[in-house]
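Visitor: Spelled out, the chains give:
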Amino acid sequence: MTNNRTNATAQPSTSPSMVSRGVRIFFGSWLSALLTLLSVAIILALIPAFRWAVLDAQWQAGPPELCHGAGACWSFIHAKLRLILFGLYPPEAQWRAFTVIVLIIALVLATLWPRLWGLRIIGLWAVGLAVMLVLMQGGVFGMSYVPTSKWGGLPITLLLAVLSLGLGFPIAVVLALGRRSKLPVARAVSILMIELVRGLPLVGLLFVAAILLPLFLPPDWTIDKLGRTLAALTIFAAAYLAEVIRGGLQGLSGGQVEAAQALGIPYWKTVWHIVLPQAIQKVIPPLTNTAIVMVKNTSLVLIVGVFDILSAARSAATDPAWPAPSTEAYLFVAAIYFIICTAIGWYSQHLEAGVKARSH
Amino acid sequence: MTRAIEVSGLNKYYGTFHALRDVDFSVAEGERVVICGPSGSGKSTLIRCLNRLEVHDAGTIRVRGIELGDNLRNLDEVRREAGMVFQHFNLFPHLTVLENCALPQILSRRTARAEAEARGRDFLERVQILDQADKYPGQLSGGQQQRVAIARALCMRPKVMLFDEPTSALDPEMIREVLDTMVTLAQEGMTMVVVTHEMGFARQVADRVVYMEAGEIVETAAPATFFDSPQDDRSRRFLSKLVTA
Ligand SMILES: Nc1ncnc2c1ncn2[C@@H]1O[C@H](COP(=O)(O)OP(=O)(O)OP(=O)(O)O)[C@@H](O)[C@H]1O
Ligand SMILES: [Mg+2]
Chain Z
1 MTNNRTNATA QPSTSPSMVS RGVRIFFGSW LSALLTLLSV AIILALIPAF
51 RWAVLDAQWQ AGPPELCHGA GACWSFIHAK LRLILFGLYP PEAQWRAFTV
101 IVLIIALVLA TLWPRLWGLR IIGLWAVGLA VMLVLMQGGV FGMSYVPTSK
151 WGGLPITLLL AVLSLGLGFP IAVVLALGRR SKLPVARAVS ILMIELVRGL
201 PLVGLLFVAA ILLPLFLPPD WTIDKLGRTL AALTIFAAAY LAEVIRGGLQ
251 GLSGGQVEAA QALGIPYWKT VWHIVLPQAI QKVIPPLTNT AIVMVKNTSL
301 VLIVGVFDIL SAARSAATDP AWPAPSTEAY LFVAAIYFII CTAIGWYSQH
351 LEAGVKARSH
Chain L
1 MTRAIEVSGL NKYYGTFHAL RDVDFSVAEG ERVVICGPSG SGKSTLIRCL
51 NRLEVHDAGT IRVRGIELGD NLRNLDEVRR EAGMVFQHFN LFPHLTVLEN
101 CALPQILSRR TARAEAEARG RDFLERVQIL DQADKYPGQL SGGQQQRVAI
151 ARALCMRPKV MLFDEPTSAL DPEMIREVLD TMVTLAQEGM TMVVVTHEMG
201 FARQVADRVV YMEAGEIVET AAPATFFDSP QDDRSRRFLS KLVTA
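Chains Z and L are the protein sequences, given in the same order.
Quick note on numbering: the first sequence equals residues 1 to 360 in UniProt numbering.
Quick note on numbering: the second sequence equals residues 1 to 245 in UniProt numbering.
If you're looking for bench data, these hints aren't it; they were derived computationally from the structure.
Keep in mind that a hint or two might mislead.
[Said to hold, decoys possible] Within a straight-line C-alpha distance of at most 25 Å, the following computed SDA-like cross-link-like pairs (lysine to any residue) qualify: (1) Z:K282 to L:H88; (2) Z:K356 to L:E99; (3) L:K135 to Z:I280; (4) Z:K269 to L:S108; (5) L:K159 to Z:Q261; (6) Z:K269 to L:D134; (7) L:K135 to Z:Q256; (8) Z:K296 to Z:Q58; (9) Z:K282 to Z:S299; (10) Z:K269 to L:I106; (11) Z:K269 to L:R73; (12) Z:K225 to Z:A126.
[To be verified] Residues from chain L shown here face chain Z by an in silico Cβ test under 10 Å; the list is partial: (13) P104; (14) E115; (15) R119; (16) M190.
[Unchecked claim] Just so you have them, the derived chain L footprint on chain Z, three or more residues with Cβ under 8 Å: (17) 257 to 264; (18) 273 to 280.
The C-beta atom is built at its ideal place from N, Cα and C for all residues, glycine as well.
Input sequences plus hints: build the corresponding full structure.
Guide: Shown next, in the form of structure tokens:
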């Protein structure tokens, strides 16, 4: 089959040699020639970066004095790993923060498994989050008490990302349904909420939640700053998710709801079992997009002094004992974000492939 | 004789458009009624009022003695009594064929899953499509999908079946398999209201043919009378067009 195709494109020359075939692939047209040259230029430009990051780099754990060459100083990451990953969390309790990271990853992996979808996965998360909160905060079962102001690093980034998306999602569903509702009040409230939040920059929202809000609330209303930050991220995620979900609802044929009605399926069960699964399947790419953006948006919390992994890396990089390590610190954090976001992208492709397989 | 469906003085407006005008219509238990008429005459509107997919503006509708109105309990009961098959099947594309049959029972009747699936298999067998139980609707032909839709409706054990042009979205070679399924259902004594242009089917199974035009019922007659000696000019014109078409 592939033979046929190459033969068809290779009509003029009857026996294409390797060389001529290569020339055709890389320089067959102006566009491909241009792309070939561009790629070569990019690769050449990256060679010094590769030498810096890999060949000339210092990979060994040790004191700052190890790094004197021209390469990257990965020893710095070795030395500051705990600070970057856990922030100011007390070192002797960091096993708890580490357990939280493991728990989050385990729960996320469980969530990827369609068989658990529905109430089961919600229950699992509720229990998991309770355990995580107890672990992070301590003060019971002989664990030392750690206030949220001391929480930091990767657990904060993961918790904020997962919770803002997880809590934002049901709110988004309600807003999306509300915006399409026949009831004028529900519609007006939904539109107002969505447009208001989308009209504000996230930084502004975080600022209001973390710094301005306490000034207006009575002093004994002490909702934790981390909690307020999470609330801001959640409504921000909800507004964007709501519009994505609304797009999915619009693509749904009216016949689906009519069929469910004719079968006597109650409204909320229709929404949960018939409408939402289909609406969400239709908008997997933009949902993925929003999820990835929200993961990266969590880094903005450093503006209001919440210590996520990026803030932790920044503060690690200010240690004067190490010669200019901020590139290494940022690259390390970037790698972690890259892994998370790429994983989300892969998973969404896997889901889409499943949807496609079912439709024909 | 008890009445499966009793409609009197039914009026329905879409905005200012008068879609149904003083429709009186009834169906006896076990009776098969075919509704026909030109496009836009209100056939769908009438049949959709019978399970309140459309809300009527005036008149009364009773399905097996239960009056349709604002009472939600009655609405639930009517939808329990009446199953519906749509022109475009309206299967749930994200569920397998078997789940399409089982899930509605679980959601609206709280049937246990095992029982719902057993009954689903049962009815898929009856419409001769059990071998496709684990496929998704998008993987089936139109005729197969419509038979699944019939099985799905039958799983709810309705006493009346409403069909709105069940074969008009099908390729010609698939119409037969769906009509055969419907004929079998009729032979088993199901009460049926069928909007269709399949005059062969009407002759074969209908007890009565109802002809509609411009939101009104123009003529009601036994199929033999209706097809061979229609009384009203409008029905005559409609039938003559059918023959030449
Ligand atoms: N939702 C609606 N809003 C406004 N007008 C409508 C609506 N549904 C139907 N109509 C109008 O009501 C009239 C009757 O429609 P209906 O669908 O009942 O016709 P029908 O007899 O089923 O025709 P067809 O054979 O094309 O299915 C048509 O003129 C149609 O344009
Ligand atoms: Mg119609």
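Visitor: Which earlier hints can't be squared with this structure?
Guide: 8, 9, 14, 15, 16
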